[in-house]
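Novice: Whenever a hint applies, use it, and build me the whole structure from the sequences.
Number of protein chains: 2
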Amino acid sequence: MTAAKRMRNDALAIFRAALKAADPSHAVEQALRARKDLARYERVFVVGAGKAAGTMARAAERVLGRRVFAGSINVKDGDPARTRRIEMRACGHPTPDARGVDGTRRIVELCSQAGERDLVVFLVSGGASALTPFPTPPVTLRDKQATTKLLLACGASIDELNAVRKHLSMFKGGQLARVAAPARVLGLILSDVVGDKLDVIGSGPTAPDSSTFDTALSVLDRYALRGQVPKRVRERLEQGAVGSIAETPKPGDAVFERVENVIVGSNRTSLDAAERKAKELGYRTMILASTVEGETRDVGRMHAAIAREIATSGRPLRPPACVISGGETTVTLKGRGKGGRNQEFALAAAIDLAGLENALIFSAGTDGTDGPTDAAGAIADGETTARAKRDAAKALDENDSYEYFRGIEDLVITGPTGTNVMDLHLVMAR
Amino acid sequence: MTAAKRMRNDALAIFRAALKAADPSHAVEQALRARKDLARYERVFVVGAGKAAGTMARAAERVLGRRVFAGSINVKDGDPARTRRIEMRACGHPTPDARGVDGTRRIVELCSQAGERDLVVFLVSGGASALTPFPTPPVTLRDKQATTKLLLACGASIDELNAVRKHLSMFKGGQLARVAAPARVLGLILSDVVGDKLDVIGSGPTAPDSSTFDTALSVLDRYALRGQVPKRVRERLEQGAVGSIAETPKPGDAVFERVENVIVGSNRTSLDAAERKAKELGYRTMILASTVEGETRDVGRMHAAIAREIATSGRPLRPPACVISGGETTVTLKGRGKGGRNQEFALAAAIDLAGLENALIFSAGTDGTDGPTDAAGAIADGETTARAKRDAAKALDENDSYEYFRGIEDLVITGPTGTNVMDLHLVMAR
Chain A
87 MTAAKRMRND
97 ALAIFRAALK
107 AADPSHAVEQ
117 ALRARKDLAR
127 YERVFVVGAG
137 KAAGTMARAA
147 ERVLGRRVFA
157 GSINVKDGDP
167 ARTRRIEMRA
177 CGHPTPDARG
187 VDGTRRIVEL
197 CSQAGERDLV
207 VFLVSGGASA
217 LTPFPTPPVT
227 LRDKQATTKL
237 LLACGASIDE
247 LNAVRKHLSM
257 FKGGQLARVA
267 APARVLGLIL
277 SDVVGDKLDV
287 IGSGPTAPDS
297 STFDTALSVL
307 DRYALRGQVP
317 KRVRERLEQG
327 AVGSIAETPK
337 PGDAVFERVE
347 NVIVGSNRTS
357 LDAAERKAKE
367 LGYRTMILAS
377 TVEGETRDVG
387 RMHAAIAREI
397 ATSGRPLRPP
407 ACVISGGETT
417 VTLKGRGKGG
427 RNQEFALAAA
437 IDLAGLENAL
447 IFSAGTDGTD
457 GPTDAAGAIA
467 DGETTARAKR
477 DAAKALDEND
487 SYEYFRGIED
497 LVITGPTGTN
507 VMDLHLVMAR
Chain B
87 MTAAKRMRND
97 ALAIFRAALK
107 AADPSHAVEQ
117 ALRARKDLAR
127 YERVFVVGAG
137 KAAGTMARAA
147 ERVLGRRVFA
157 GSINVKDGDP
167 ARTRRIEMRA
177 CGHPTPDARG
187 VDGTRRIVEL
197 CSQAGERDLV
207 VFLVSGGASA
217 LTPFPTPPVT
227 LRDKQATTKL
237 LLACGASIDE
247 LNAVRKHLSM
257 FKGGQLARVA
267 APARVLGLIL
277 SDVVGDKLDV
287 IGSGPTAPDS
297 STFDTALSVL
307 DRYALRGQVP
317 KRVRERLEQG
327 AVGSIAETPK
337 PGDAVFERVE
347 NVIVGSNRTS
357 LDAAERKAKE
367 LGYRTMILAS
377 TVEGETRDVG
387 RMHAAIAREI
397 ATSGRPLRPP
407 ACVISGGETT
417 VTLKGRGKGG
427 RNQEFALAAA
437 IDLAGLENAL
447 IFSAGTDGTD
457 GPTDAAGAIA
467 DGETTARAKR
477 DAAKALDEND
487 SYEYFRGIED
497 LVITGPTGTN
507 VMDLHLVMAR
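Top line first, the protein sequences correspond to chains A and B. One rule links them: number in this note's numbering = place in the first sequence (from 1) + 86. One rule links them: number in this note's numbering = place in the second sequence (from 1) + 86.
Everything labelled a hint here was simulated from the structure, so no lab data went into it. Accuracy of the hints is not assured; some may be wrong.
Unchecked claim - So, partial list: chain A residues that the calculated Cβ filter (under 10 Å) puts toward chain B:
{"id": "1", "residue": "Ala239"}
{"id": "2", "residue": "Gly241"}
{"id": "3", "residue": "Ser243"}
{"id": "4", "residue": "Val280"}
{"id": "5", "residue": "Glu366"}
{"id": "6", "residue": "Gly368"}
{"id": "7", "residue": "Thr377"}
{"id": "8", "residue": "Asp384"}
{"id": "9", "residue": "Val385"}
{"id": "10", "residue": "Ile392"}
{"id": "11", "residue": "Ala393"}
Stated by the list, open to error - Cut-off 30 Å, straight-line C-alpha distance, at most; resulting in silico cross-link-like pairs (DSSO-like, lysine-lysine):
{"id": "12", "chain 1": "B", "residue 1": "Lys480", "chain 2": "A", "residue 2": "Lys235"}
{"id": "13", "chain 1": "B", "residue 1": "Lys235", "chain 2": "A", "residue 2": "Lys480"}
{"id": "14", "chain 1": "A", "residue 1": "Lys91", "chain 2": "A", "residue 2": "Lys480"}
{"id": "15", "chain 1": "A", "residue 1": "Lys480", "chain 2": "B", "residue 2": "Lys283"}
{"id": "16", "chain 1": "B", "residue 1": "Lys420", "chain 2": "B", "residue 2": "Lys235"}
{"id": "17", "chain 1": "A", "residue 1": "Lys475", "chain 2": "B", "residue 2": "Lys336"}
{"id": "18", "chain 1": "A", "residue 1": "Lys235", "chain 2": "B", "residue 2": "Lys475"}
{"id": "19", "chain 1": "A", "residue 1": "Lys424", "chain 2": "B", "residue 2": "Lys420"}
{"id": "20", "chain 1": "A", "residue 1": "Lys420", "chain 2": "B", "residue 2": "Lys480"}
{"id": "21", "chain 1": "A", "residue 1": "Lys420", "chain 2": "B", "residue 2": "Lys235"}
{"id": "22", "chain 1": "B", "residue 1": "Lys480", "chain 2": "A", "residue 2": "Lys475"}
{"id": "23", "chain 1": "A", "residue 1": "Lys420", "chain 2": "B", "residue 2": "Lys420"}
Yeah, the Cβ is synthetic: ideal placement off N, Cα and C, and Gly gets one too.
Specialist: Rendered as structure tokens:
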């Protein structure tokens with residue numbers, strides 16, 4: 087096997103190790119088996135939502151068995167998991183629908199039954215927010231959607247959006263924790279959010295909310311939307327701001343005293359697993375960052391610069407070296423080609439790597455789906471542009487990374503993985 | 087002194103150490119004093135060009151004294167340096183002019199007088215290419231400029247531009263080395279080029295040229311410019327392509343046997359000096375890359391992600407940590423504000439750092455001038471956005487980084503430094 091081929095195989099093995107650490111079933115099993123307190127509770131309720139909630143619920147049943155007293159989870163249409171004691175309800179995603187409202191109401195009902203001697207296990211993964219709409223009357227689901235749409239059109243940030251949405255919901259922003267009290271609550275969280283912020287993942291039903299009705303109103307005012315949102319939304323927020331409606335629970339609130347939120351899988355846990363595997367394969371390793379964001383082509387070029395530095399000066403690591411990072415970059419679409427953020431990351435890197443020997447850049451999404459393609463990502467090295475016999479800069483301009491790498495068989499293809507802890511980037515040199 | 091204040095002072099001390107290593111005077115003196123062979127030559131000629139050529143020539147005189155037999159350098163208007171034996175000729179920059187042609191002719195004349203027992207010291211720094219126009223007759227300076235303009239308008243790369251320009255010059259692309267043979271040639275190079283490519287810095291008068299007349303013609307054809315460039319340019323390249331004109335000297339050519347090119351200052355040497363200083367100040371250090379390019383805001387965010395990782399997980403280094411990188415990023419202007427690539431780097435980082443304690447991002451240009459401002463760069467930390475009381479995202483949209491940092495006195499101001507080895511970026515955490 088050539089050195090280049092071996093390094094590619096190593097990259098794929100490292101990616102597989104990262105995927106395994108993010109496997110929802112594995113993550114929930116490990117987290118529950120590590121606990122000593124499960125036998126202590128009279129009844130265990132299992133609730134949750136997310137794209138991986140079915141798999142997580144099944145894993146919870148495997149560990150908890152008959153100790154599951156009741157449960158209900160909101161999943162996407164077509165979730166293949168089959169549970170025994172826990173109800174599975176298919177709900178609208180990415181656009182919330184009435185089934186989502188019904189499912190969330192069921193979750194709230196169950197949690198409100200739980201008493202001081204009971205445990206509520208709350209399973210969360212990517213997509214949970216859309217799967218758990220529960221507008222506070224008289225605000226309707228349609229009102230909430232109209233408000234979200236207006237905010238998105240103005241370029242509001244995710245924090246701004248959440249400040250508004252949490253104050254129109256009976257579930258989000260820590261309100262599930264309030265409903266479940268006085269039961270013990272254990273949140274098992276598979277994070278698809280940069281930085282693993284508990285108040286952002288699934289809009290934080292079991293996490294304290296720092297935003298207030300005032301925050302929500304000032305967001306509307308910042309974008310001059312107070313007069314444009316549905317009247318029921320405006321009235322609700324204005325009533326809240328003058329204190330006529332209870333706030334979402336804040337940091338330090340007593341309802342969180344019996345709540346424990348555990349990140350069972352995240353980009354960071356996957357990077358750790360990747361690092362262990364890379365060490366095992368003989369590489370000097372370094373985890374650079376787990377919250378990488380920004381335009382993918384520029385982040386890709388930055389990674390290529392690190393590869394070049396390793397290869398030419400032995401810094402920051404001497405070869406064999408593996409620098410690991412993760413997060414979720416973005417693509418500003420300009421062309422009409424086919425690709426995804428990870429494939430474009432590799433394409434931009436390929437241009438800067440051209441001619442460099444014994445170095446490689448790998449980028450792939452842990453969900454196995456990069457943009458509207460059947461690939462998870464791609465691999466680039468110093469020979470990529472020569473082998474492709476296509477103008478790489480032009481392919482990049484056209485956002486045509488998929489066809490570029492398909493032509494030279496350098497796509498990374500895994501199929502859907504059933505998880506999502508964002509992306510893995512590797513800089514490798516031998 | 088608060089920890090934050092101390093870290094800022096440390097960042098500035100590290101930057102000063104980086105600047106000192108790139109000081110043209112210091113760099114040339116050190117390089118010449120390290121040589122044992124200077125007494126061996128009958129005569130020493132000192133020639134050169136660049137924005138720092140005056141300072142470099144003065145330093146050469148200090149070391150070489152009366153051994154300087156003759157010399158001539160092309161400098162910018164207003165170069166404050168004063169030499170004794172070496173002629174200084176002010177030439178057009180950034181637009182080449184007839185004074186540049188005269189000065190370059192003088193350099194060529196001197197070099198052609200040098201014999202086997204003589205040494206030609208060739209001093210190069212940023213701007214040398216524009217300062218040494220020497221079109222090969224009948225091509226005129228105006229012809230060359232028209233050709234460059236056409237290529238730039240089509241988006242030609244620097245490598246493509248150079249392939250054409252070297253084949254219209256009697257000086258660039260290794261041709262000075264040919265003129266100077268059989269003398270010994272010592273190129274002392276202050277690099278302002280990412281990756282320190284000898285054939286790119288000053289268009290490589292003493293470096294082998296891998297491009298050919300064929301390359302030059304195919305560049306014209308790639309942009310359908312063969313019929314549009316001045317007739318004399320087209321004819322010259324076509325004659326060269328069929329072998330009627332001598333090629334530029336290629337790698338392995340005998341003219342380079344007695345040529346030695348030494349990078350006396352570069353981004354990399356400055357990063358090394360920065361690292362030494364950071365260690366001295368008690369930081370764990372890492373040089374990440376010296377060839378960082380790409381859109382500055384995305385590269386800045388990537389550095390912020392590293393700061394966050396250090397602060398939250400102690401990776402890739404445990405605090406006190408200083409991660410060092412360098413290169414030259416770019417700004418895609420969209421707004422109408424005032425700023426530069428380093429200030430915008432810090433502004434984009436500030437948004438992602440918000441709320442993070444004990445971490446800092448520093449970015450500044452070693453020439454002391456960032457964009458059309460009097461600042462070299464800026465410093466951002468977790469309190470920047472709170473202190474600024476201005477919408478950072480909006481300032482970024484407007485490319486208004488200068489006013490943003492000026493308002494909170496976080497600009498880095500050095501005045502012109504007399505050197506340019508691109509930019510220094512620091513990620514620091516305590």
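Novice: If a hint holds in the structure, say so; if it does not, say that too.
Specialist: Status of the hints after comparison with the structure:
1. At about 16 Å, the closest approach between the beta carbon of Ala239(A) and any beta carbon in chain B exceeds 10 Å, and the interface hint on this residue is violated.
2. Hint status for Gly241(A): holds, given a least beta-carbon distance of 9 Å to chain B, under 10 Å.
3. Taking 10 Å as the C-beta cut-off, the interface hint given for Ser243(A) holds, the closest approach to chain B being about 8 Å.
4. The interface hint given for Val280(A) is met, as the beta carbon of that residue sits about 9 Å from the closest beta carbon of chain B, less than 10 Å.
5. Interface hint status for Glu366(A): violated, as the beta-carbon distance to the closest one in chain B is roughly 18 Å, over 10 Å.
6. A cut of 10 Å between beta carbons decides the hint on Gly368(A): the least distance to chain B is about 19 Å, and the hint is violated.
7. For Thr377(A), the interface hint holds, since its Cβ comes within 10 Å of a Cβ in chain B; the closest pair sits about 5 Å apart.
8. Evaluation of the Asp384(A) hint against chain B yields a held restraint, the C-beta minimum of about 4 Å falling below 10 Å.
9. Hint status for Val385(A): holds, given a least beta-carbon distance of 5 Å to chain B, under 10 Å.
10. A distance limit of 10 Å between C-beta atoms decides the matter here; for Ile392(A) the minimum to chain B is near 5 Å, and the interface restraint holds.
11. With its C-beta approaching chain B no nearer than about 9 Å, Ala393(A) sits inside the 10 Å limit, and its interface hint holds.
12. With a C-alpha separation of about 21 Å, the suggested pair Lys480(B) and Lys235(A) falls inside the 30 Å cut-off, and the hint holds.
13. For the suggested pair Lys235(B) and Lys480(A), the alpha carbons sit about 21 Å apart, so the restraint of at most 30 Å is met.
14. The straight-line distance between the Cα atoms of Lys91(A) and Lys480(A) is roughly 27 Å, inside the 30 Å bound, and the hint therefore holds.
15. Simply put, Lys480(A) and Lys283(B) have alpha-carbon atoms about 24 Å apart, close enough for the 30 Å limit, and the pair holds.
16. With a CA separation close to 23 Å, the supplied pair Lys420(B) and Lys235(B) stays within the 30 Å bound.
17. The suggested pairing of Lys475(A) with Lys336(B) holds, with an alpha-carbon distance near 25 Å, which does not exceed 30 Å.
18. Straight-line distance between C-alpha atoms of Lys235(A) and Lys475(B) comes to about 28 Å, which keeps the hinted pair within the 30 Å bound.
19. Restraint check: the Cα-Cα separation between Lys424(A) and Lys420(B) comes to about 26 Å, which is no more than 30 Å; the hinted pair holds.
20. With a C-alpha separation of about 22 Å, the suggested pairing of Lys420(A) with Lys480(B) holds against the 30 Å cut-off.
21. The straight-line distance between the Cα atoms of Lys420(A) and Lys235(B) is roughly 26 Å, inside the 30 Å bound, and the hint therefore holds.
22. Straight-line distance between C-alpha atoms of Lys480(B) and Lys475(A) comes to about 42 Å, which puts the hinted pair past the 30 Å bound.
23. In summary, the hint linking Lys420(A) to Lys420(B) is supported, as the alpha carbons are separated by about 16 Å, within the 30 Å threshold.
Of the hints listed earlier, those the structure fails to meet are numbers 1, 5, 6, 22, in rising order.
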